[in-house]
Amino acid sequence: MHELSLAMSILDVAAKEIEKYNTVRVQEIQLEVGALSGVDAEALEFALSFAVKNSFLEGASVKIIHTEGLGLCSRCNDSFIMAEVWTPCPSCNLPAWKILKGEELRFLSLTVND
Amino acid sequence: MCETCGCGETGSYQINKAGQNESDVSGYEHSHPHDHPHPHDDSHPGQRILKVEKDILQENNLMAERNRGFFDAKGILCINLVSSPGSGKTTLLEHTIKSLKKNFPVYVIEGDQHGMLDAERLAKFGIPAVQINTGSGCHLDAYMVNKALKSLNLSDHSLLFIENVGNLVCPALFDLGEARRVLVMSVTEGEDKPIKYPQMFRSAQLCMINKTDLLPYVDFNMEKAKENARMVNSSLEFLEISAKTEEGLDLWFEWLLNHLNNI
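Chains as they are written, first to last, in our numbering: chain A, 1 to 114; chain B, 1 to 263.
Treat the hints loosely; a few may be bogus.
[Claimed, not checked] List time: in silico EDC-like cross-link candidates among lysine to aspartate or glutamate, alpha-carbon distance up to 16 Å: (1) K196(B) with E227(B); (2) K101(A) with D78(A); (3) K51(B) with E84(A); (4) K226(B) with E237(B); (5) K226(B) with D192(B); (6) K196(B) with E84(A); (7) K54(B) with E103(A); (8) K196(B) with E28(A); (9) K20(A) with E227(B); (10) K16(A) with E53(B); (11) K63(A) with E53(B).
Calculated directly from the structure, the hints in this document are not laboratory data.
Make the full structure from the sequences, and use the hints.
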């Protein structure tokens with residue numbers, strides 16, 4: 001739902017980076033979206049397809065790296081894969097006390113043509 | 001196109017102070033034109049990868065930290081109140097303002113898509129209230145709050161409530177610079193809300209379960225609701241309240257005073 005706001009932020013971050021280099025054409029942007037970030041990667045791609053229209057990112061492809069969720073069990077402290085924020089530890093059936101991975105929402109890199 | 005969920009027209013937002021006719025219409029300001037900053041130059045052909053490694057929400061987060069620094073320096077307790085529409089945030093604020101304004105200054109920033117209703121409702125209690133209309137947007141961001149702060153002229157050691165747009169999805173990701181995020185859910189909403197909207201429950205520190213006066217009439221399992229919320233946020237605190245009958249509000253005031261004294 002908030003993916004279009006994020007798409008606008010992505011455009012801003014990209015523009016700031018581009019200003020630093022004498023770069024003209026962006027071929028691809030690479031993003032990282034964690035499984036527990038609260039962002040739907042497909043919705044983000046869809047929103048980006050609108051947001052980039054008539055901008056310097058129009059025509060650039062979007063590559064999204066998905067990061068799996070990983071948490072530490074609040075009883076056994078073992079790490080376990082979390083598909084959702086509420087996914088419990090498979091051994092203890094208890095929630096994670098800490099999330100190690102999966103909350104990422106990052107702009108990784110730009111592939112450009114000079 | 002909506003800034004947020006893709007519906008309607010492009011959103012500008014509007015800030016109005018209750019009791020005044022002036023309004024301030026702002027658009028999202030981008031730091032650059034969205035066009036090619038340089039002409040294409042074929043003299044250096046080739047592809048290269050530029051590392052960015054930045055949080056997508058970095059700009060909002062930086063502005064939120066600016067807001068937070070301002071609150072810290074002035075000893076202001078800023079509370080971001082979030083909930084689904086109709087959970088009773090404004091009624092809760094009415095009682096809170098009435099009880100606490102004699103002890104220290106209370107301010108409100110109201111976020112709604114349209115209209116001045118909530119800010120006017122709260123300004124009747126004699127406190128400064130600013131309304132942010134997000135237009136087609138469905139959450140407040142740190143920039144809007146920063147702008148609204150400039151029209152409030154906040155005193156030191158005061159209490160600022162930001163009543164976010166009623167929405168359990170989008171506001172979860174946007175830090176406004178608050179000291180605490182307080183989520184209001186009501187017993188009419190069902191105990192499965194924390195599982196359906198985990199990001200919001202995960203990002204809050206206190207969950208107020210409102211409308212407890214309706215418990216005899218609705219099928220709501222209080223313990224199950226808390227258990228669901230703890231699945232996504234094991235350190236979440238709870239307060240059971242009825243903003244209508246004022247039951248449980250003394251504990252809420254105590255919670256606020258404790259946090260205000262610890263800034």
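Hint check:
1. K196(B) with E227(B): With a Cα-Cα distance of about 14 Å, the restraint between K196(B) and E227(B) holds, given a limit of 16 Å.
2. K101(A) with D78(A): Given that 16 Å is the threshold and the Cα spacing comes to 14 Å, the pair holds.
3. K51(B) with E84(A): violated (29 Å)
4. K226(B) with E237(B): With Cα atoms ~9 Å apart, K226(B) and E237(B) stay inside 16 Å; holds.
5. K226(B) with D192(B): holds (10 Å)
6. K196(B) with E84(A): holds (11 Å)
7. K54(B) with E103(A): holds (14 Å)
8. K196(B) with E28(A): Cα-Cα ~34 Å, so violated.
9. K20(A) with E227(B): violated (49 Å)
10. K16(A) with E53(B): Holds: K16(A) and E53(B) sit about 13 Å apart, inside 16 Å.
11. K63(A) with E53(B): The given pair, whose Cα atoms are some 14 Å apart, holds under the 16 Å limit.
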